[in-house]
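A.B. asks: Single-letter residue listing:
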Amino acid sequence: MARSRADLLDLFEKTATEIVEKEFKGIDETTAISQLGIDSLGMLEIVGAMERQLKIQIPDESLAGIQTVQDLLNVVEKRQTA
Amino acid sequence: MPKFVAPTLVDAIKELSHDTLRGFVFVRPDGTERFCSFANIHEEATRRGAHLAAKGLVKGDRLAIVVPDGDEFVLSFLGAVYAGVVPVPIYPQLSFKNVDAYHDTVAHIAKASGAAMLLTTTATRPYVDPVLPRVDNLRFGVVTVDEHAAPAPGPLDVKVTGDDLGFLQFTSGSTSRPKGVAVTHANLAANSEAFMIHGLGKDSSFDKGVSWLPLFHDMGLIGFVIGPLFTNIPVVFLPTASFVRAPRIWLDTIHRHRGTITYAPNFAYALVSKRLKEKDVAGLDLSCMRITGCGAEPIQAKTLREFADKLAPAGFKPTSFLPSYGMAEATLAITFVQHGTGVRSDCIDAKALQTHDAKAVAPGEGTQELVNCGRAFPDHELAIVDEAGTHLADRQVGQIITRGPSVTSGYFEEPELTAEAWKDGWLYTGDLGYTVNGELFICGRLKDIIIIRGRNFYPSDIEWVISELPGVRRGNVVAFGADVDGEEQLFVCAEAFQSDAAGLTDAIQNAVTSQIGISVHKVEIVAQGGLPRTSSGKPQRRKTKQMFLEGAFAKPKAGANDAATA
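Protein chains in written order, with this note's numbering: chain A, 1 to 82; chain B, 1 to 566.
Calculated directly from the structure, the hints in this document are not laboratory data. Be careful, since some hints might not be right.
Below, computed lysine to aspartate or glutamate pairings styled on EDC-like, alpha-carbon distance capped at 16 angstroms [said to hold, decoys possible]:
(1) B:K545 <-> B:E488
(2) B:K277 <-> A:E18
(3) A:K22 <-> B:E468
(4) B:K359 <-> B:D349
(5) B:K14 <-> B:D61
(6) B:K359 <-> B:D346
(7) B:K14 <-> B:E43
(8) B:K317 <-> B:D285
(9) B:K159 <-> B:E278
(10) B:K274 <-> A:E18
(11) A:K55 <-> B:D30
(12) A:K55 <-> A:D7
(13) A:K22 <-> A:D10
(14) B:K351 <-> B:E365
(15) B:K274 <-> A:E21
Residues of chain A placed beyond 12 angstroms of chain B at every Cβ, according to the derived structure [unchecked claim]:
(16) A2
(17) R3
(18) S4
(19) A6
(20) L11
(21) R52
(22) Q70
(23) L73
(24) N74
(25) E77
(26) K78
(27) T81
A virtual CB, placed ideally from N, CA and C, is assigned to each residue, including glycine.
Construct all of the structure, not just a fragment, from the sequences and the given hints.
C.D. replies: And the structure:
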């Protein structure tokens with residue numbers, strides 16, 4: 001079953017904390033990825049962990065141009081319902 | 001002339017063109033696989049080469065290639081080579097990276113190579129198109145690979161020789177703008193013979209490569225496409241992004257395909273140790289791994305030991321580790337350790353190293369462990385020289401120089417930059433090291449060396465100490481020396497949140513003082529993602545220093561942590 005938007009944000013926060021080993025409390029959808037202090041390698045690791053949790057696959061092309069947490073969750077949400 | 005391989009890549013593939021059972025496997029992002037036999041590769045290269053020729057490209061023209069898919073990239077690259085056209089690989093737009101910086105790089109490489117055409121895919125084209133108004137040399141414009149899907153429009157009749165350019169390998173190094181290393185077929189043949197035959201002792205009856213390395217860099221392209229084609233070795237390719245998303249796919253693929261040869265930079269071994277769970281290891285049989293190569297960045301013995309410990313239950317043999325040293329200017333490989341000998345390290349006195357003396361000592365306080373990177377290949381030479389160019393004895397630290405048939409003739413249409421590095425038939429690598437009985441140990445880069453009150457410090461050592469601190473990620477820190485009132489002082493730029501800045505500044509000061517023995521003149525905490533990086537993601541030291549001196553760094557923004565504590 002597709003998860004709610006709030007659940008996805010929560011999952012992102014938890015996954016980021018686990019991968020980067022740093023607290024990420026207080027993230028909201030408008031937070032810019034560049035503000036999180038996670039390099040592109042780290043972001044790709046997070047995407048991979050979320051893909052496994054949600055049992056989805058996100059094509060590389062759809063990750064280009066992502067700037068905010070909102071952009072990322074939009075892509076994830078779209079794959080969930082795809 | 002190579003003794004054991006064909007004189008050109010074209011001749012090498014033609015020798016394999018009867019083989020319909022062995023070849024390359026390309027794993028796609030969704031896990032499905034495409035098998036291309038050596039016979040298919042020959043047919044595809046011929047067909048794609050004929051399309052390029054029919055479009056009007058002639059021998060010697062350059063073709064910029066921005067193609068993210070492994071199979072399409074390799075076959076397009078080889079098609080150009082068959083047509084005598086010089087491929088110029090450009091890395092595709094990576095996710096979560098600065099788009100403007102990417103466009104600058106593509107425009108620079110397309111112009112500097114004088115490319116006549118840019119080949120891309122329909123999906124990638126939107127990321128390349130914005131650059132086109134800035135490049136006026138693309139006389140055949142932009143073409144997508146599906147435009148070459150039809151049968152060959154005519155015969156391909158181009159004679160390629162060893163002296164012809166094989167491709168241009170653009171390399172950013174740690175300095176300024178990327179430069180195109182001009183690699184000939186003779187260079188490719190010589191280096192392939194060196195690392196595949198003399199280095200790896202390849203055996204075509206059972207060896208099989210497995211690689212997720214990017215194909216637009218020398219280690220992935222020459223190490224796993226060109227070298228194996230010259231020496232008849234099948235390879236399984238994984239997308240780089242698939243490895244980063246789920247590192248275990250690398251080991252799963254080796255297990256499933258019974259891979260015997262793989263290669264990766266140090267960081268990848270650390271990533272596997274960190275991410276792989278014990279239950280993941282349980283199902284793996286990695287006893288097939290004969291060569292586990294390590295190169296492209298400083299090798300940490302500790303990282304490789306942790307990897308070996310983690311994978312011991314899967315039958316991984318630590319003796320399969322093969323530390324090595326190389327650079328694009330020398331085609332790829334310069335030194336390899338004897339295969340099967342694993343990681344051997346040297347413990348030296350950190351204080352003596354500051355006076356160019358690599359003094360062997362027992363491990364302990366004030367010592368440094370360096371990994372043996374092996375010796376030069378047959379028909380190639382390696383030497384260590386001081387600033388006057390005098391050859392140094394064993395255990396004296398100086399610049400590493402090399403010569404031999406793998407060493408390229410220079411950077412494409414960059415005579416000044418070429419003259420700086422190629423002198424009297426030797427390539428001056430700009431790397432510092434020493435030898436012991438002809439075996440090489442790397443200490444750092446020449447120009448980045450920090451000299452404080454007559455003592456030499458290597459930035460990589462200082463960065464390593466800092467990157468061990470909590471809150472700092474490897475590769476998010478740069479150390480350099482700069483003049484303050486006529487005296488060189490140590491500066492550190494690290495990426496962090498504003499909320500961490502004060503504590504981190506103190507922690508960095510403490511760590512460097514206690515472990516390196518010098519104090520940091522100034523710690524600059526910069527915005528996340530603020531350090532300039534190479535295409536492979538390594539921070540550029542010299543550019544960082546320049547930006548720092550110009551006061552060009554943005555202050556860190558209030559991060560998520562700040563919002564929580566506010």
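A.B. asks: Evaluate each hint against the coordinates.
C.D. replies: Results of checking the hints against the structure:
The hinted pair formed by K545 (chain B) and E488 (chain B) meets the criterion: a straight-line CA distance of about 13 angstroms does not exceed 16 angstroms. For the hint linking K277 (chain B) to E18 (chain A), the alpha-carbon distance of about 14 angstroms falls within 16 angstroms, and the restraint holds. Distance hint between K22 (chain A) and E468 (chain B) is fulfilled; the C-alpha atoms sit about 14 angstroms from each other, no more than 16 angstroms. Only pairs whose Cα atoms come within 16 angstroms are accepted, and K359 (chain B) paired with D349 (chain B) is accepted, the gap being roughly 6 angstroms.
With a CA separation close to 22 angstroms, the supplied pair K14 (chain B) and D61 (chain B) exceeds the 16 angstroms bound. Note on K359 (chain B) and D346 (chain B): the hinted pairing holds, with a Cα-Cα distance of about 9 angstroms set against a maximum of 16 angstroms. Taken as a hint, the K14 (chain B) and E43 (chain B) pair is honoured in the structure, with Cα atoms around 10 angstroms apart against an allowance of 16 angstroms. Pair hint K317 (chain B) plus D285 (chain B) holds up; C-alpha atoms about 11 angstroms apart against a cutoff of 16 angstroms.
Using a Cα cut-off of 16 angstroms, the hinted pair K159 (chain B) and E278 (chain B) is violated, with the two alpha carbons roughly 54 angstroms apart. At most 16 angstroms may separate the alpha-carbon atoms for a hinted pair to count; K274 (chain B) and E18 (chain A) meet this at roughly 11 angstroms. The straight-line distance between the Cα atoms of K55 (chain A) and D30 (chain B) is roughly 12 angstroms, inside the 16 angstroms bound, and the hint therefore holds. The hinted pair formed by K55 (chain A) and D7 (chain A) meets the criterion: a straight-line CA distance of about 15 angstroms does not exceed 16 angstroms.
Proposed proximity of K22 (chain A) and D10 (chain A) is supported: the alpha carbons are some 15 angstroms apart, at most 16 angstroms. Of the pairs offered as hints, the one joining K351 (chain B) and E365 (chain B) holds, with about 11 angstroms between alpha carbons and a cut-off of 16 angstroms not exceeded. For the suggested pair K274 (chain B) and E21 (chain A), the alpha carbons sit about 12 angstroms apart, so the restraint of at most 16 angstroms is met. Chain B leaves A2 (chain A) outside its interface by the beta-carbon criterion, the shortest separation being 20 angstroms against a cut-off of 12 angstroms.
At roughly 19 angstroms, the least C-beta separation between R3 (chain A) and chain B is larger than 12 angstroms, which holds for a residue marked as non-interface. Interface exclusion of S4 (chain A) from chain B stands, the closest Cβ pair being 21 angstroms apart, more than 12 angstroms. The claim that A6 (chain A) is not at the interface with chain B holds, since no C-beta of that chain comes within 12 angstroms of its own (minimum 17 angstroms). Under the 12 angstroms C-beta cut-off, the non-interface status given to L11 (chain A) relative to chain B holds; the minimum distance is some 16 angstroms.
A Cβ of chain B approaches the Cβ of R52 (chain A) within 12 angstroms, the least distance being about 7 angstroms, so the stated non-interface status is violated. No Cβ of chain B comes within 12 angstroms of the Cβ of Q70 (chain A); the nearest lies about 14 angstroms off, and the non-interface call holds. L73 (chain A), annotated as away from the interface, keeps every beta carbon of chain B farther than 12 angstroms; the closest lies near 14 angstroms. N74 (chain A), annotated as away from the interface, keeps every beta carbon of chain B farther than 12 angstroms; the closest lies near 14 angstroms.
In this structure E77 (chain A) is separated from chain B by more than 12 angstroms, as the shortest Cβ-Cβ distance comes to about 17 angstroms. Once the 12 angstroms rule is applied to beta carbons, K78 (chain A) is consistent with being away from chain B; the minimum gap is 15 angstroms. Residue placement check: T81 (chain A) keeps its beta carbon more than 12 angstroms from all beta carbons of chain B (closest about 18 angstroms).
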